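**Student:** These protein sequences, in sequence, are chains W and Z. 440 is the number of the first residue of the first sequence in this note's numbering; add one for each residue after it. 440 is the number of the first residue of the second sequence in this note's numbering; add one for each residue after it.
What you were told as hints is all true, and nothing was included just to trick you.
Because identical chains share one entry, a pair is satisfied inside a single copy or across any pair of copies.
No more than 25 Å apart at the CA atoms, straight line, and that leaves these computed lysine-lysine pairs for DSS-like:
id, residue 1, residue 2
1, K673, K566
2, K673, K563
3, K640, K563
4, K592, K673
5, K592, K640
6, K613, K558
7, K669, K558
8, K510, K474
9, K640, K558
The hints are simulated quantities; they were obtained by calculation from the structure and are not laboratory data. Model, not experiment: these values are computed from the prediction.
Protein chains: 2
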Amino acid sequence: MSTAKKRKTVLDPWGTTIVEDYNRLYEEFGIQPFKSLLSEMPNPGMYMRRGVIFGHRDFELVLNSMKSREKFAVMSGIKPTGEFHLGTLMTAREIIYFQQQGATAFYCIADIEAYEDNKIPFEKSEKIAVGNVADLLALGFDPERGCIYRQYKEQRVRDLAVLFGRGVTLATMKAIYGERNIGLYLSALVQAGDILMPQLKDFDGPKPTVVPVGVDQDAHLRLTRDLASKFRRKFNFISPSSTYHKIMKGLDGSPKMAKRSPMSYFTLHEKPESIAKKISYAFTGGRPTVEEQRKLGGVPEICPVYEICMYHFVEDDDDIVRVYHDCKSGKLLCGEHKAQTTEIVLNFVREHQLKRRKFIDKAREILQVN
Amino acid sequence: MSTAKKRKTVLDPWGTTIVEDYNRLYEEFGIQPFKSLLSEMPNPGMYMRRGVIFGHRDFELVLNSMKSREKFAVMSGIKPTGEFHLGTLMTAREIIYFQQQGATAFYCIADIEAYEDNKIPFEKSEKIAVGNVADLLALGFDPERGCIYRQYKEQRVRDLAVLFGRGVTLATMKAIYGERNIGLYLSALVQAGDILMPQLKDFDGPKPTVVPVGVDQDAHLRLTRDLASKFRRKFNFISPSSTYHKIMKGLDGSPKMAKRSPMSYFTLHEKPESIAKKISYAFTGGRPTVEEQRKLGGVPEICPVYEICMYHFVEDDDDIVRVYHDCKSGKLLCGEHKAQTTEIVLNFVREHQLKRRKFIDKAREILQVN
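Only chain W is shown next, with the shape it has when bound in the complex (with noise of 0.2 Å):
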C-alpha cells in the first residue's frame, strides 16, 4: 500500500487506468471537484448526489446556461466493440441526464476509434453500433432533440480532425498519449472534433457543452480544450466542461472491469444465468465467517456487489443508504445481500432487453444501416 500511494496515476484512454486516491487527481491534473457545485444543481442526477461523479473541468459554464435556461449541449459516445455494459450504460444515462435537462444532445459511435485502438473493421462495427444505439434509445435517448452519427461516416467530425492536425506537435501527442500508432493519434483528432461538432453553426453555433467521462477519458478533455483555444479565432469555440466518474471495481475484486477478465463484468445482453452467476461468485466486503460478519459489519467501501447497487441499480437514495448502513451494522449478508441484487439486475435487464427489441429498427434507420 504504502509503494502503491506513491505510484504515479496515469490517465490512459487507451490503456489501463487504476485510480487509487481520487483526491490526487485533483492536485495533478487539476480536475475541480463536483461536490462543491452539487448545491447549486437544479435537479442533480443520481450519480451526481452519490459522488460517483466526482470532478469536472469548467462545469460552470454549462450549470450557468442551466440554471439560465440558456442553449448548451452535451456530448459523448461509445467505442462500438461489443454489447453495453455497466460503463457505456453509465455514460449514455448521463447523457440522457443532460438532455431531459435541456440539452442538445451528442452521442458518437467511436467506430475510428475502435478500429485504430481494437482493429475493429467498419463492416463489423457498424452492426454492433445498431445494438449500441438500441440501447440508447431503450434508455430513453430522445431521437429528436439530439444526434447520433458514426465518426467514419461524419464529414464534419473528420474535417475538424484535419484542421486540428495543424494545431497539434508531436510533442503534445506524445506527452499526452504516449508512443502510438499514427492511427490512434488520428483517432484522438477525431474525436477533437467529436467534442466540438456541437458548436458548429450547422448546430447552432458556440455553446457550453458538457462531456460527462469515465476519468480515463480526460486525456482526450485536455487535448480538445487545448485545440478549442488554438482554434477560438475562426471557429468562436467555447472550451468544452466536462464531468468525471469513477471507475468502477471489477465483480471478480479486480481493480477494473475488463474484457478480458469475463468474470469482471457483465453486459446486459448476456443470458441471465451468466449474470446471476458472475454475481454469486462476486468478490465482497464480507468477513471470513458468518459469526465475524454479526459482529463487525461487512465493508461496503470495497464492495463491487454494494457498488454496482449504488451505481446502476438501486436508484431510490434512501434504499441505498439502508443497505449501506444494514452491511456495516452486520444485519445484511453477503449471500443475502447477493440474492438481492440479482434479482434486481435480472429484472432491470430483462425489462430493458424488452424494451430494445423495439429500437432495432430505428437504430438501423438513424445510422443508416441496412
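On the provided structure of chain W, position chain Z as indicated by the hints.
**Tutor:** Chain Z alone, transformed into the frame defined by chain W:
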C-alpha cells in the same frame, strides 16, 4: 567532373557532379537506375530520353503493362500553393505522357498537404487549384480518361488514410519524415491514399500504377509501398511504381528553385518582362570574359539557362544537342543563348496562357468550385 564515359552519352551531357550525387541514391535508397529500361520503352518521353528521369522503383511492372497493352494507371498531383512553375509543369507533362501511352490518369490536388504544411486554408487553395487544373488541361490532360480531384473532398482517399493509420507506428513516421506536426503525418497517410486509390474497385481494381515525382518525394513512396503490402490482403494492392526526375537548379545559381528566392524561378503566369528579366540575370556556365569563352567554351553542365532549355523548352533532341556543343565549343555565348531562350520561353508562355483561359470554366466544373 566525371569521365569520358559519361560524355559519350549524347542525350545525357549534363550528368557530371550532380549525377554522382544521384548515383548515391541508388545505393542509399534502393532507387533503380532508369537508363537500363530506356531501350525497352515503346515510346520514351523527352524526360526519359534526356535522363531527367533518372531513377525508378518497380517500373518494370508498368513497362510490362505498356508493352502488352494491359491496364495501368499514372498518379501524381500538385500542392495548390500558387501558380504553375517549372517543377509542377514537369509533373503535369509526365502524367500527360503516361495518359497518352494508355494509362488511366489521376491528378490530385493536395489541399490537405497545402493546409498542414503551408497553412493555406481550403477556401484559398480551392481558388488556386482552379488555375492549376486549367494549366493541366491546357497542357493536354484529357479529363475524360482521368480523374482530377481534391484530397479534402475525395472521401475514398480520406477513408484509406483512416485505414492506413493503424499500419504506421510513430517510429516509422519519425524515421521517414522526422519530428513533425500530427497534421503532416496525417497528410502523409492521405498521400498514401492518393497513390493507392487508383487500385480500388471503383476504378477497376488492382493495377500497376506509376507515380512520377521529383526525387524529393520518395519518402511518400516508401511509406505507401509499405502500406500497400500491409493492406494487400484486404485490397489486393499491387505495390506502386515510381519514376524520379531530377530537381532543377535555381536560375540564380542556387541549388534548387524555391519560392523564397524569387529570382531562382518563374511561374507560367508572371509578366513576360519579369520572366525576361530573370533569364537575363540568370547565373550561367559562361567564362569571365568573351575571349576566354571563345577559347575554352562554356560549361552547360552547371548552367541553369541550358537546364531549362533541356528540361522544358527545346523539344527537338537534335536542337538541344546542338546548343550543348555550340556552348562547349565557344561558338554560342551566354548573352545570345539567353536571348534565344527568352524568346522560346515567352512564346510558350503566351501561347499557354491563351489556351489556359479557355479551360478555366472546365476546371471549375471538374473541381466543383463556384
